[in-house]
Structures are given as C-alpha cells and as structure tokens.
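**Q** Chains S and W, in that order, are what the protein sequence lines are.
Mapping the first sequence onto this note's numbering, position 91 (from 1) lands on 92, and the numbers just tick up by one.
Mapping the second sequence onto this note's numbering, position 19 (from 1) lands on 42, and the numbers just tick up by one.
If you are wondering where the hints come from, they were derived from the structure by calculation, not from laboratory data.
Certain hints may be false.
[As the list claims (entries may be wrong)] Short derived list, chain W residues pointing at chain S, Cβ under 8 Å:
1. L67
2. P125
3. F128
Glycine included, each C-beta is placed from N, C-alpha and C at the ideal position.
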Amino acid sequence: TQLLEQSPQFLSIQEGENLTVYCNSSSVFSSLQWYRQEPGEGPVLLVTVVTGGEVKKLKRLTFQFGDARKDSSLHITAAQPGDTGLYLCAGGSGGYQKVTFGIGTKLQVIP
Amino acid sequence: GAVVSQHPSRVICKSGTSVKIECRSLDFQATTMFWYRQFPKQSLMLMATSNEGSKATYEQGVEKDKFLINHASLTLSTLTVTSAHPEDSSFYICSASRGNSPLHFGNGTRLTVT
Chain S
2 TQLLEQSPQF LSIQEGENLT VYCNSSSVFS SLQWYRQEPG EGPVLLVTVV TGGEVKKLKR
62 LTFQFGDARK DSSLHITAAQ PGDTGLYLCA GGSGGYQKVT FGIGTKLQVI P
Chain W
24 GAVVSQHPSR VICKSGTSVK IECRSLDFQA TTMFWYRQFP KQSLMLMATS NEGSKATYEQ
84 GVEKDKFLIN HASLTLSTLT VTSAHPEDSS FYICSASRGN SPLHFGNGTR LTVT
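Chain S extracted, bound-state conformation:
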C-alpha cells in the first residue's frame, strides 16, 4: 500500500506570513497532484507535477516535486485569509486516475 504523509496536519498563521507544507512517501509516484478542499465541498485541483525536480508556480503558490518523485512541497508566500482550507496531496502511479491521498494539511490564515 502506498502511503502519503503530510505535515504539518494543522497550521494557523497570520496574514502575510509564508508557509511550507510537505508531502512525503517511501513510494515513487509517476505524478503528484495538490488539491485544496473547502469544508463541505469536493477537492479542487491546484497543480500536477510529473517530473522529478519539477517546480511549478501558481501566483503565490510554489509546488516542487522531489528529484526521486517520492515527495513534494507546497510553499505559499504572503498568505491571505482566502488561502484557508485543507490542502491535499495525491500520488498517482501509471496515470492520474487511481491516486492515493495524503491526510491533508488544514491551513488557517488569520486576518
């Protein structure tokens, strides 16, 4: 069974601060996705990374896929209250379809 560990599980920060959340596994993934989930809603895809060492930027969010494709990080610069939510990483093997989800990082950005 492929497991994805996310850390920290909970994070509460002030508006304007920077933060990094991590997604780690002992397994190699062919792709890794990051999702954001609001309470009572389904996850919304933020980014997909597929190449070891790949870095993708989405406005204030920077995503990195580890060289060995076993881990990933999400860095948010100057966090805003609108960034509040549950951030989930999901690893796929052999395509995007069947993925394994991490437990998530619950982020709260305080105005």
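Using the hints provided, position chain W relative to the given structure of chain S.
**A** Chain W only, in chain S's frame:
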C-alpha cells in the same frame, strides 16, 4: 464551472433505509468514475472504481453488497448505500476523469444516518 455534479449535497435518513447518490459528468464522457469516503479529519479513502457498462471494482474492506455502484451511462454513476446504519454516516465524494487527465471531483454528499 463545475464539470462533475453530485446530488444530493446533504441527506438524512433513518437507520435501515437505502440512499442513492448520483454523480454526473456534465460536459464530457467519463468511462471511469471513482467513489470516495471521507471521515472527519481524515483523507479521502477510495471505495471503488466505477466502470461504464461493467461491474465496479471495490477496494479491500469495502462491502460491495452494501455499497452498490451502477455506471449505466458515460455521464452517470450512482452509489446506493443499502440498509444504512449510523456508522455509514460520512462525506461521500465522486470523481471522474477525461481519459488520462487529472480528476475532477464532485462537491460531495454529506450522509447522516439517524
């Protein structure tokens, strides 16, 4: 806009009754849909893979007779929780894929069994 629609968003039912949840892909044909379950403070756990025109593939530990999945068309999959019990209360989410592309998720169904 949403590409996967899930209905209902919330449902409350009595113990022993059955509940059907629908998952529709709105503007694409989804040969494969997935059903997940999410408990509070936990991640999404894959329950089953729904294949159009064939039987669903269930993950280990998921009772196929309790969670009936039907994928009758390329745009609709249904999950029926049969003889629901309070421990079945959870957040159920479906997803669909356009071929080899990232998943699109429905907005989930909050099931409460009293």
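**Q** So, for every hint listed, does it hold in this structure?
**A** We went through each hint and held it up to the structure:
Restraint check, L67 (chain W) versus chain S: the minimum CB separation of about 5 Å is within 8 Å; hint holds. At about 5 Å, the closest approach between the beta carbon of P125 (chain W) and any beta carbon in chain S falls short of 8 Å, and the interface hint on this residue holds. Among the interface hints, the one on F128 (chain W) holds; its C-beta lies about 3 Å from the nearest C-beta in chain S, closer than the 8 Å criterion.
Consistency with the previously given hints is maintained throughout, with no hint failing.
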